[in-house]
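Student: Given only the sequences and the hints, what does the whole structure look like? Please build it.
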Amino acid sequence: AQSVTQLDSHVSVSEGTPVLLRCNYSSSYSPSLFWYVQHPNKGLQLLLKYTSAATLVKGINGFEAEFKKSETSFHLTKPSAHMSDAAEYFCVVSRYNQGGKLIFGQGTELSVKP
Amino acid sequence: GAGVSQSPRYKVAKRGQDVALRCDPISGHVSLFWYQQALGQGPEFLTYFQNEAQLDKSGLPSDRFFAERPEGSVSTLKIQRTQQEDSAVYLCASSLEGMNTEAFFGQGTRLTVV
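Chains as they are written, first to last, in this note's numbering: chain A, 1 to 114; chain B, 115 to 228.
If you're looking for bench data, these hints aren't it; they were derived computationally from the structure. All C-beta atoms, glycine included, are put in the ideal place defined by N, C-alpha and C. Any given hint might turn out to be false.
To be verified - Rough simulated footprint, nothing fancy, chain A against chain B, three-plus residues with beta-carbon under 8 Å:
hint : region
1    : 185–196
2    : 217–227
What the hints assert, rightly or not - Selected chain B positions facing chain A (in silico; Cβ < 10 Å):
hint : residue
3    : Gln120
4    : Phe147
5    : Ser172
6    : Arg178
7    : Phe179
Tutor: Here you go:
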């Protein structure tokens with residue numbers, strides 16, 4: 001079985017400060033892990049994915065995530081938040097290396113203050 | 115079209131009414147997925163098609179939910195005798211081939227049952 005837990009339902013940062021969105025996973029398979037972003041009235045967009053290659057994964061818009069097997073974590077970070085980063089972020093696990101049947105976390109809402 | 119298109123974007127149904135939600139996948143995409151996203155939750159898998167074949171319907175919550183993709187392109191998710199707990203955003207995603215290619219999401223249909 002697979003599952004993900006996003007440790008914060010809401011994170012608020014100031015513009016220009018670092019972002020950290022936390023995710024822990026559970027998987028009986030060697031997992032593939034993803035972060036998706038959902039802006040209001042827009043479809044889910046893939047930010048980045050881990051598929052058992054490099055453990056530090058770089059995505060779009062300056063986001064990156066590090067796969068830590070010993071901690072079963074896949075936290076999302078960005079050095080400097082921008083107002084346009086305000087959105088809902090989902091950590092996702094799958095047994096398929098490009099997605100397929102996706103298992104989503106509950107989501108973390110990111111607010112960015114000016 | 116350029117992306118996955120879903121219609122209608124919003125649907126209000128009276129309890130007990132039947133509804134049909136449409137998904138137009140990206141042209142040429144073989145695989146199609148439906149997800150249900152309740153308010154404040156992450157999306158949950160409903161069903162998966164490869165061409166016209168429904169290969170996985172393990173996430174459909176009851177026999178009131180039915181999905182089809184008769185010609186391997188457009189898909190319809192039908193909900194019979196709607197109930198208030200069916201209120202959610204229904205997301206469609208398509209991918210080029212099978213479980214191992216990236217899925218692209220539509221904007222969703224927000225269903226409200228009153």
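Student: Does each hint hold? Answer for all of them.
Tutor: Each hint, compared with the structure:
Against chain A, the region 185–196 of chain B contributes 0 residues with a C-beta closer than 8 Å to a partner C-beta. That does not satisfy the three-residue criterion, and the hint is violated. Closer than 8 Å: that is the beta-carbon criterion, and the region 217–227 of chain B has 6 residues meeting it against chain A, so the requirement of 3 holds. A cut of 10 Å between beta carbons decides the hint on Gln120 of chain B: the least distance to chain A is about 9 Å, and the hint holds. A cut of 10 Å between beta carbons decides the hint on Phe147 of chain B: the least distance to chain A is about 7 Å, and the hint holds.
About 9 Å separates the beta-carbon of Ser172 of chain B from the nearest beta-carbon of chain A, less than 10 Å, and the hint is met. For Arg178 of chain B, the shortest C-beta to C-beta distance to chain A is roughly 22 Å, which exceeds 10 Å, and the interface hint is violated. A hinted interface residue such as Phe179 of chain B counts as satisfied when its beta carbon comes closer than 10 Å to some beta carbon of chain A; here the least separation is about 17 Å, so the hint is violated.
Hint compliance for this structure: hints 1, 6 and 7 are broken, all remaining hints hold.
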